[in-house]
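S.K.: One letter stands for each residue in the lines below.
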Amino acid sequence: MNNAVRLKGIRDGLLVSLSHSQWGEQEKALLSYIDARPTFFAGARLAMDVGQAVWRVKELSALRDALSQRQIYLWAVLSESPVTEKTAQLLGLATRLSTRTGPQRRPTRPPAEEPNVHWVQKTVRSGVRIEAEGHLVLIGDVNPGGEVAAAGNILIWGRLRGMAHAGANGDAGAVIRALELRPQQVRIAQVAATEIRSSGPAQVVLEKGIIRVQSLNSQEFKVNHER
Amino acid sequence: MSAKVITVTSGKGGVGKTTTVANLAVALALTGDRVVCIDGDIGLRNLDVILGLENRIVYDLVDVVEGRCRLRQAMIRDKKLSNLFLIPAAQTRDKNAVSPSDMVRVCDELRPDFDWVLIDSPAGIERGFRYAIAPADQAIIVTNPEVSAVRDADRVIGLLEAEEKGSPSLIINRLDVNMVRRNEMLSAEDVVDLLAIRLIGIVPEDDRVLIASNRGRPVVLDEAAVTARVFQNIARRLKGEDVPFIDLGNRGLWSRLFSGRR
Numbered sequence: 230m231n232n233a234v235r236l237k238g239i240r241d242g243l244l245v246s247l248s249h250s251q252w253g254e255q256e257k258a259l260l261s262y263i264d265a266r267p268t269f270f271a272g273a274r275l276a277m278d279v280g281q282a283v284w285r286v287k288e289l290s291a292l293r294d295a296l297s298q299r300q301i302y303l304w305a306v307l308s309e310s311p312v313t314e315k316t317a318q319l320l321g322l323a324t325r326l327s328t329r330t331g332p333q334r335r336p337t338r339p340p341a342e343e344p345n346v347h348w349v350q351k352t353v354r355s356g357v358r359i360e361a362e363g364h365l366v367l368i369g370d371v372n373p374g375g376e377v378a379a380a381g382n383i384l385i386w387g388r389l390r391g392m393a394h395a396g397a398n399g400d401a402g403a404v405i406r407a408l409e410l411r412p413q414q415v416r417i418a419q420v421a422a423t424e425i426r427s428s429g430p431a432q433v434v435l436e437k438g439i440i441r442v443q444s445l446n447s448q449e450f451k452v453n454h455e456r
Numbered sequence: 018m019s020a021k022v023i024t025v026t027s028g029k030g031g032v033g034k035t036t037t038v039a040n041l042a043v044a045l046a047l048t049g050d051r052v053v054c055i056d057g058d059i060g061l062r063n064l065d066v067i068l069g070l071e072n073r074i075v076y077d078l079v080d081v082v083e084g085r086c087r088l089r090q091a092m093i094r095d096k097k098l099s100n101l102f103l104i105p106a107a108q109t110r111d112k113n114a115v116s117p118s119d120m121v122r123v124c125d126e127l128r129p130d131f132d133w134v135l136i137d138s139p140a141g142i143e144r145g146f147r148y149a150i151a152p153a154d155q156a157i158i159v160t161n162p163e164v165s166a167v168r169d170a171d172r173v174i175g176l177l178e179a180e181e182k183g184s185p186s187l188i189i190n191r192l193d194v195n196m197v198r199r200n201e202m203l204s205a206e207d208v209v210d211l212l213a214i215r216l217i218g219i220v221p222e223d224d225r226v227l228i229a230s231n232r233g234r235p236v237v238l239d240e241a242a243v244t245a246r247v248f249q250n251i252a253r254r255l256k257g258e259d260v261p262f263i264d265l266g267n268r269g270l271w272s273r274l275f276s277g278r279r
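Listed in order, the protein sequences are those of chains A and B. Last residue of the first sequence? That's 456 in the numbering used here, and every number before it is there in order. Last residue of the second sequence? That's 279 in the numbering used here, and every number before it is there in order.
Treat the hints with care, as some may be off.
[Unchecked claim] Which residues of chain B face chain A? A few of them, derived with a C-beta cut under 10 Å, are: (1) D95; (2) L98; (3) S118; (4) V121; (5) R144; (6) R168; (7) A170; (8) D171; (9) R172; (10) A179; (11) E180; (12) E181; (13) L212.
It should be emphasised that the hints constitute simulated quantities derived from the structure, not laboratory data. Here a beta-carbon is modelled for each residue, glycine too, at the ideal position from N, C-alpha and C.
Turn these sequences into a full structure, and let the hints steer you where they fit.
M.R.: Following this line, the structure appears as structure tokens:
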């Protein structure tokens with residue numbers, strides 16, 4: 230166990246707590262922790278709890294650059310030291326987790342009885358990948374080069390033009406639904422297909438090992454749901 | 018008054034970032050605003066050439082960052098517009114010479130004295146892109162109506178969203194209306210449909226842009242050119258004015274833009 234760096238998932242990012250009392254030790258511990266897991270951290274939004282350690286502008290901005298090089302975005306520094314708090318404010322960083330900077334785009338929460346649904350409201354752009362441990366509901370398009378994956382079903386209230394993988398852990402009964410299908414690729418469990426097209430709402434299912442597209446116009450839609 | 022820092026970026030190279038920065042800088046300066054543009058493409062500087070200022074460079078951005086000169090010494094005043102300045106890139110160094118914090122510091126020093134700081138980002142999504150967007154209050158994406166440029170633009174918009182720079186604005190550059198009409202080129206509508214960000218300008222294909230750039234006199238100064246009016250309109254939109262788009266003959270976009278769908 231590494232006690233110098235503790236990691237916790239928060240609303241939509243990561244919180245690291247650093248236990249050393251000196252900034253230099255904290256910096257070293259954090260960077261070596263990250264460099265041991267580069268793919269995990271790449272693209273992450275990071276908040277950092279430094280306890281009582283004193284960070285000055287030069288030190289913190291150097292760390293921010295070092296993180297930025299690793300494609301990690303530092304947005305908040307939590308501290309018990311007034312000096313460090315001032316430093317963070319000077320650099321335009323948040324000093325509380327609740328006061329997020331930037332546009333607030335909180336998704337509408339799904340009903341509480343559906344804890345296994347990951348609800349996302351955004352355009353999934355090229356280079357972005359969204360993964361869900363249960364089902365995934367996306368309000369927005371998946372652009373070419375963007376990817377969505379879920380262990381369960383995927384519902385896209387928008388156009389699928391990138392890649393979608395339902396049943397990512399092997400569930401062959403998973404389905405993908407979208408308002409328009411022009412994906413680069415779809416996968417269900419271990420089966421992949423390209424050249425899937427539908428200009429209207431449709432679902433992609435796996436039938437006897439073959440990926441099929443079923444139109445979801447009103448009548449078929451009814452049938453599918455009464456099954 | 019504090020300057021607004023705008024970074025012009027694209028992902029793909031050669032789509033017209035530098036030309037756009039030069040023309041917007043001149044257009045904003047023509048309205049009387051105080052403008053400074055920064056060439057962020059260290060090692061491959063171009064903005065000085067397009068603005069016709071290459072012979073006046075003494076100090077550059079890297080000299081400022083490394084403390085060899087004061088910021089004022091690296092600022093080159095435009096030949097005609099006394100309220101327009103350029104901070105050139107270093108030609109003999111590379112992107113490692115500047116960090117995101119360096120750019121934030123330089124821009125913070127410029128903010129009190131200017132209305133606009135325009136940063137010309139290098140192509141790509143690596144270090145150069147990172148330091149170019151670090152100080153930005155707003156980003157402008159330049160793209161061409163071609164699939165690869167739009168794909169890269171989409172990627173860059175995703176990166177900007179991850180950095181919480183807000184939703185960038187879009188300029189579609191080098192649109193050929195005749196090719197669109199023959200279905201040989203993506204229409205502005207197609208591009209806006211995919212990228213789903215605010216469109217602030219459509220620059221038509223125009224030989225004069227290249228000729229003007231080669232002469233070091235941005236096309237926006239050529240009163241006979243349609244593209245001059247296009248860049249002036251973009252500048253006005255940046256200043257918050259509601260300026261209708263010039264009809265380039267690409268119908269379909271209008272119904273889309275004004276149907277209230279976005």
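S.K.: Identify every previously stated hint that the structure contradicts and give their numbers, smallest first.
M.R.: Violated: hints 1, 2.
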